[in-house]
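K.L.:
In case you want the letters, here they are:
2 protein chains.
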Amino acid sequence: MPATKINLPESEMERIVIVGGGFGGLQLARKLAKSKYQVVLIDKENHHQFQPLFYQVAMAGLEPSSIVFPFRRIFQNRPNVFIRNTQVDSVDPEKKRIFTPLGYANYDHLIVATGANTNYFGNEELRRHAIPMKSVGEALRLRNVILEDYERSLVTPEFDERQSLVDIVIVGGGPTGVELAGSLAEMKKHVLPKDYPELNVEAEVDIYLIQAGPLLLKGMSEKSSNKAREYLEKLGVKVLLNTRVTSFDGETVKMKDGGQIKTTKVIWAAGIKAMPIAGLPEDVITYGNRIAVDRYCRIEGMQDVYAIGDVAYMEEPDFPKGHPQVAQTAIQMGGHLAKNFKRIQQGKEAEKFSYSDKGSMATIGRARAVVDLPNFHFNGFFAWITWLVVHLFAILGTRNKLFVFINWLINYVNYNQSLRLIIRPALPIVKQEEEQQKD
Amino acid sequence: MPATKINLPESEMERIVIVGGGFGGLQLARKLAKSKYQVVLIDKENHHQFQPLFYQVAMAGLEPSSIVFPFRRIFQNRPNVFIRNTQVDSVDPEKKRIFTPLGYANYDHLIVATGANTNYFGNEELRRHAIPMKSVGEALRLRNVILEDYERSLVTPEFDERQSLVDIVIVGGGPTGVELAGSLAEMKKHVLPKDYPELNVEAEVDIYLIQAGPLLLKGMSEKSSNKAREYLEKLGVKVLLNTRVTSFDGETVKMKDGGQIKTTKVIWAAGIKAMPIAGLPEDVITYGNRIAVDRYCRIEGMQDVYAIGDVAYMEEPDFPKGHPQVAQTAIQMGGHLAKNFKRIQQGKEAEKFSYSDKGSMATIGRARAVVDLPNFHFNGFFAWITWLVVHLFAILGTRNKLFVFINWLINYVNYNQSLRLIIRPALPIVKQEEEQQKD
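Residue numbers (the working numbering), protein chains in the order written: chain A, 275 to 713; chain B, 275 to 713.
What the hints contain is simulated information worked out from the structure, not anything from laboratory work. In this text the structure is predicted, and so the values were computed from the model without any measurement. Treat the hints loosely; a few may be bogus.
One copy or any two copies: either way a pair holds, since identical chains are not told apart in the list.
[What the hints assert, rightly or not] Taking lysine-lysine and the PhoX-like style, the derived pairs with C-alpha atoms no more than 25 Å apart in a straight line are:
hint, residue 1, residue 2
1, Lys626, Lys310
2, Lys318, Lys705
3, Lys310, Lys616
4, Lys305, Lys508
5, Lys305, Lys468
6, Lys705, Lys536
7, Lys595, Lys497
Just chain A, same shape as in the assembly (with noise of 0.2 Å):
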């Protein structure tokens, strides 16, 4: 731990450090812009990322531009907020203080806002070999890995071998795994033939989503989540359900009921693990490595320390079990604790925190999508409006919704994702050396 402080201006107010720029962070950061406290908002990352479109980028839908912001942008002409992009390795909550790569820095309120990242329940295997999607950077990854595949494919004669690297094995049912499902489905059926004339895509291409429960979408009505296979099936995806995965070596996806499939990739959309910081206390870490927040988000038996999004858990009454890890729920503690850490300054007592549930829906392919709204289902075309509309209106900026907008209007008139592109920035000239080395 470096002994520097993190250049930051003092000043009368009081300091409220925010660790993590995702949905809970920014929301927090934004309503407290104005405020007459100082903020500093850090994030390993200079832009905020909207992840429920990544899944898109991945498909080469979207550019990752058009779904990430910058944060230096959103805090144009805000002299009261500061960015610093680095990570945060721990907390000394005796001392009000972090660390991170740059220097500490010392806070009068900490918000933990750090989210979550993929969770491989511990099989190093899976770790080492599957593909996440919990950042653009990994989209991204995704993307290119898939297009550098069918290339691959096509100077490979043996059937088996060109089978592998075609076929697509998805992990887990959940928004992710059934919206990039669709969106491959779809590839495979209006792109795929036209790019890859020399495949024979309708017998070779496989797309299969495994899930180890009994339904797709858990958490969304029976009805949404039947009507999600149903469409999925129609698309040709294999979905198997009840089936759980047991190991992938980068070559073979082993399952528990002995079933094997070849293949180069397996995404994995399975499951997530809260990251809390280093330094909290032990006992506050609950369920999917929460952290355990009381109706302030304050983390329990502690003091100016507090947790909101999906690294949070707190129960209400309405939600005995915590609250879905989802976009709403960081959005609306973001909210939440920003006005109360106004009532405070001006004198008022802080508030207990609701969830309002606003309803929830994926998108399966073209044209198609399942929404619940609290007290009303539908799926269909309409649905797949509803799932735009919502979609764009929560993007970041003008130019952003303009260009969502414009790509997929583009995309559903010529059926044809034009951003296939394997992009990536060179490396210096001396890691490009190693690398050749290593070859």
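Fit chain B to the given chain A structure using the hints.
P.N.:
Just chain B now, kept in the frame of chain A:
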């Protein structure tokens, strides 16, 4: 060299193998796309890159995807065109065969359209430390490095160290150097003060453009050259003419006249070097590593092997020292060679190539450009509009045209490129851990 043959259909048609899908190779392949030849296009990337706008990608004004276009998309429904993603290691003209990491392929006609890469004139230290700008990946890397260094500058309290993070040195006064310098200067003026209010941008950020000769934009008219310099100096760029950079060790740029600049970033746009394929006779390699060709683009003394574009060196009466290494030359050669191939199949004689100079142009920051038409030179706002229109129409694909246009419009209206994003595809877990261990 692997003994396997690349998987390619054998047919009655003569096979034309094109190495490189830049302006020349792509034009040739497109013009032959409905011909009675089997066309095999080989490129390291899966997309064509529109080089004239790399600098806007580097400056966060455009996304890579707006200026590149997937080859497979271009050749959908062109059953005589086959695309292979790989590099060509060497050629055996006796056996009429090329060798790649994927295996070998035979050709009836071979076209070398491999272009040119950055030339460090043998200075190994420069090659290791300077940042090149000859691919969209390199442009993205430059963008990431610039943004990361601004972030680092905020946590670097020492003045000198901070200076070397925010100052930028561009070497080479050709179009790339001039356009980069202009757009960096605009960023300094309009974006940095808003994004980095903590930084004293006016006092701290310096942009240098260093040119070995007495004029910028060598090859354009003296009027345009002087105007470009005037524009740049008005924007605050420090233009150093008649100045030769002798070394850069990653910290200090040293010049022949004894001058020194402390910086972490040197962008090297000072020269290019053609990249012929190994296995060609040594005596055909001439000035700038280019391949000497006759007026039919045929490599001197060879049958059935051609070179076009930046890698080719052709003398004609009006261009006794060869053609300028620009997109126009490549496009015209590619188109001409396609026409000759078709003529030969029709039993006609091949025709000699003649270059038609359509003029040249460069843009300097916002709403300013210089344009040289063969008999007329102009500059200013109207020249800038001309530049925009010409480049917009030259970009492949309606979607790309539309996205570039909207981006330009938005950037023009709000002075604010919003693509200031540091994004990289994630590495596979195993590689990530290797990297972490190194740190």
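K.L.:
Would you mind marking each hint as holding or not holding in the structure?
P.N.:
Hints, one by one, checked against the model:
| no. | hint | verdict |
| --- | --- | --- |
| 1 | Lys626 / Lys310 | within (22 Å within a copy, 75 Å between copies) |
| 2 | Lys318 / Lys705 | both (22 Å within a copy, 19 Å between copies) |
| 3 | Lys310 / Lys616 | within (8 Å within a copy, 74 Å between copies) |
| 4 | Lys305 / Lys508 | neither (45 Å within a copy, 40 Å between copies) |
| 5 | Lys305 / Lys468 | between (48 Å within a copy, 20 Å between copies) |
| 6 | Lys705 / Lys536 | between (33 Å within a copy, 23 Å between copies) |
| 7 | Lys595 / Lys497 | within (23 Å within a copy, 75 Å between copies) |
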